[in-house]
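Participant: Sequence:
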Amino acid sequence: MNIALASFGMSGRVFHAPFIAAHPQLNLYAIVERHRSDSRALYPEAKLLRSVEEMLQDPCIDLVVVNTPIQTHYAYAKAALLAGKNVLVEKPFTVTLAEAQELNSIAIAQQKLLSVYQNRRYDGDYLKVKEVVESGVLGELKEVEIRFDRFRSEISSKAHKESALPGGGALYDLGAHLVDQALQLFGKPKKIITDLGYLRKGTQTDDYFELIFMYDNQLRVRLKSTTFALERQWEYTLHGSEGSFLQQRFDGQEAALVAGATPSPTPWLPTIGEPNGILHTLGGGRELTTAQDGNYWHFYEALYQALIGNGKNPVPAADAIEVIRWLENQPILQSSL
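According to this note's numbering, the sequence shown is numbered sequentially starting from 62.
If you're looking for bench data, these hints aren't it; they were derived computationally from the structure.
Beta carbons: idealized from backbone N, C-alpha and C, even for Gly.
Worth double-checking, as some hints may not be accurate.
[Claimed, not checked] 20 Å max Cα-Cα, derived EDC-like pairs, lysine to aspartate or glutamate:
#: 1; residue 1: K139; residue 2: E383
#: 2; residue 1: K203; residue 2: E271
#: 3; residue 1: K139; residue 2: D119
#: 4; residue 1: K191; residue 2: D380
#: 5; residue 1: K108; residue 2: E94
#: 6; residue 1: K191; residue 2: E206
#: 7; residue 1: K219; residue 2: D99
#: 8; residue 1: K249; residue 2: D210
#: 9; residue 1: K252; residue 2: D380
#: 10; residue 1: K252; residue 2: E206
#: 11; residue 1: K252; residue 2: D277
#: 12; residue 1: K252; residue 2: E389
#: 13; residue 1: K249; residue 2: E206
#: 14; residue 1: K262; residue 2: D277
#: 15; residue 1: K373; residue 2: D123
#: 16; residue 1: K262; residue 2: E223
#: 17; residue 1: K222; residue 2: D210
#: 18; residue 1: K203; residue 2: E303
#: 19; residue 1: K251; residue 2: E204
#: 20; residue 1: K203; residue 2: D119
#: 21; residue 1: K173; residue 2: D380
#: 22; residue 1: K249; residue 2: E389
#: 23; residue 1: K222; residue 2: E271
[As the list claims (entries may be wrong)] Listed next, with one range per pair, are the computed distances between beta-carbon atoms:
#: 24; residue 1: K249; residue 2: G70; range: 27 to 35 Å
#: 25; residue 1: G334; residue 2: L226; range: 36 to 44 Å
#: 26; residue 1: G372; residue 2: G334; range: 27 to 35 Å
#: 27; residue 1: G263; residue 2: I369; range: 23 to 31 Å
#: 28; residue 1: D99; residue 2: M275; range: 43 to 51 Å
#: 29; residue 1: Q172; residue 2: P85; range: 22 to 30 Å
#: 30; residue 1: G263; residue 2: D119; range: 39 to 47 Å
#: 31; residue 1: P85; residue 2: E348; range: 33 to 41 Å
#: 32; residue 1: A159; residue 2: A83; range: 35 to 43 Å
#: 33; residue 1: T298; residue 2: L143; range: 40 to 48 Å
Make the full structure from the sequences, and use the hints.
Facilitator: Printed below as a string of structure tokens:
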């Protein structure tokens, strides 16, 4: 399978190229860099292209990774699908629900695979939370909080995230992960309450958010992020009728990939030495727990199997459409689907 990257920024360098290049059945065939040639040092065998338009004219490309700024996702993914390519889109999928739905319709009409890169489903901390939720040891869940905090008091130079463009801001950038995780773990809420904040001096876009997902069984799921968290909190907090579970956000893949690590299908990070969670239940007492071994390789393996017809799309467009549906429900104090 010949894969082409639509850009070679952090997303391309860290989250996509290493896995494509290391996978025995995938070929990093082409990389688009509009002005630079940074990919030459790491992937000299890949074609260097100067535009997405040039990339889409190449008949040898099987799948295009649209990992450009979110404001371009819809246009580039649509063009790629109409050019007869399978498409993987970085999160957030699109700016609007209408765009997401249209891309899905085009993919169906073209009989092409359309997937979205929700890589945090493959983080070790999330996998541990999923394990605990599915085990039922907490009884009936009553309250859940999932956080993705940072300390970034200064405004960065990334215009597509920091300027007043549609799809910019923390809600779309980080909320796309948290909403996806909440939908995967607990399903669609009955109602949503949204609180957006603009905390940094001079910010043009939201840098704080809290979403409260409200369910029929009275479960409340809070999804939160702030740019002023110098001290970390428990990133996952789950309280149920039979106990509580606390889990730190703990996955070393991104840092290792930034440092140049080569991923593989088997665990390729050092063994986790210290506990990073607490499970306290009425039936089992209190114990320290450890996150699972996360591995984004499994996303690309599942994607390959789907491409050859041997498995399901790891993150179908239908999943990503639901994420955009709830992200687009802001800034409303309360709304129902």
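Participant: Are the hints correct? Go through all of them and say.
Facilitator: Each hint tested on the structure:
1. Annotation: proposed proximity of K139 to E383 holds, straight-line Cα distance about 19 Å (limit 20 Å).
2. About 18 Å separates the Cα atoms of K203 and E271, which keeps this hinted pair within 20 Å; it holds.
3. In summary, the hint linking K139 to D119 is supported, as the alpha carbons are separated by about 16 Å, within the 20 Å threshold.
4. Taking the CA atoms of K191 and D380, the gap is near 17 Å; set against the 20 Å cutoff, the hint holds.
5. Between K108 and E94 the alpha-carbon distance is near 10 Å, which keeps this suggested pair within the 20 Å criterion.
6. At most 20 Å may separate the alpha-carbon atoms for a hinted pair to count; K191 and E206 meet this at roughly 14 Å.
7. Taken as a hint, the K219 and D99 pair is honoured in the structure, with Cα atoms around 19 Å apart against an allowance of 20 Å.
8. As the CA atoms of K249 and D210 are separated by approximately 24 Å, the hinted pair breaks the 20 Å bound.
9. Restraint check for K252 and D380: satisfied, since their Cα atoms lie roughly 18 Å apart, inside the 20 Å limit.
10. Between the alpha carbons of K252 and E206 the distance comes to roughly 16 Å, so the proposed pair stays at or under 20 Å and holds.
11. At most 20 Å may separate the alpha-carbon atoms for a hinted pair to count; K252 and D277 meet this at roughly 9 Å.
12. A threshold of 20 Å between alpha carbons decides the hint, and for K252 with E389 the separation of about 13 Å falls inside it, so the pair holds.
13. Using a Cα cut-off of 20 Å, the hinted pair K249 and E206 holds, with the two alpha carbons roughly 16 Å apart.
14. Under the criterion of a C-alpha separation no larger than 20 Å, the hint pairing K262 with D277 is inconsistent with the structure, at around 39 Å.
15. Distance check on the hinted pair: K373 and D123 sit about 18 Å apart at the alpha-carbon level, within 20 Å; holds.
16. With a C-alpha separation of about 12 Å, the suggested pair K262 and E223 falls inside the 20 Å cut-off, and the hint holds.
17. Annotation: proposed proximity of K222 to D210 holds, straight-line Cα distance about 16 Å (limit 20 Å).
18. For a cut-off of 20 Å, the pair hint linking K203 to E303 stands: about 10 Å separates their Cα positions.
19. Proposed proximity of K251 and E204 is supported: the alpha carbons are some 15 Å apart, at most 20 Å.
20. With a C-alpha separation of about 53 Å, the suggested pairing of K203 with D119 is violated against the 20 Å cut-off.
21. Straight-line distance between C-alpha atoms of K173 and D380 comes to about 16 Å, which keeps the hinted pair within the 20 Å bound.
22. For the suggested pair K249 and E389, the alpha carbons sit about 15 Å apart, so the restraint of at most 20 Å is met.
23. With a CA separation close to 18 Å, the supplied pair K222 and E271 stays within the 20 Å bound.
24. Hint check: K249 to G70, Cβ distance near 33 Å, so the stated range 27 to 35 Å holds.
25. Look at G334 against L226: about 42 Å separates their beta carbons, and that is inside 36 to 44 Å.
26. Between G372 and G334 the beta carbons are some 34 Å apart, a value that agrees with the proposed interval 27 to 35 Å.
27. A hinted range of 23 to 31 Å is violated for the C-beta pair G263 and I369, which are about 50 Å apart.
28. Taken as a hint, the range 43 to 51 Å holds for the pair D99 and M275, whose Cβ atoms sit roughly 46 Å apart.
29. About 26 Å separates the C-beta atoms of Q172 and P85, a value consistent with the hinted range of 22 to 30 Å.
30. For the pair G263 and D119, the beta carbons lie near 43 Å from each other, so the given range of 39 to 47 Å is met.
31. The hint said 33 to 41 Å for the Cβ distance between P85 and E348, and at roughly 39 Å that hint holds.
32. Distance hint check for A159 and A83: the Cβ-Cβ separation is about 37 Å, which falls inside the suggested range of 35 to 43 Å.
33. A beta carbon spacing of about 45 Å between T298 and L143 agrees with the range 40 to 48 Å that was offered as a hint.
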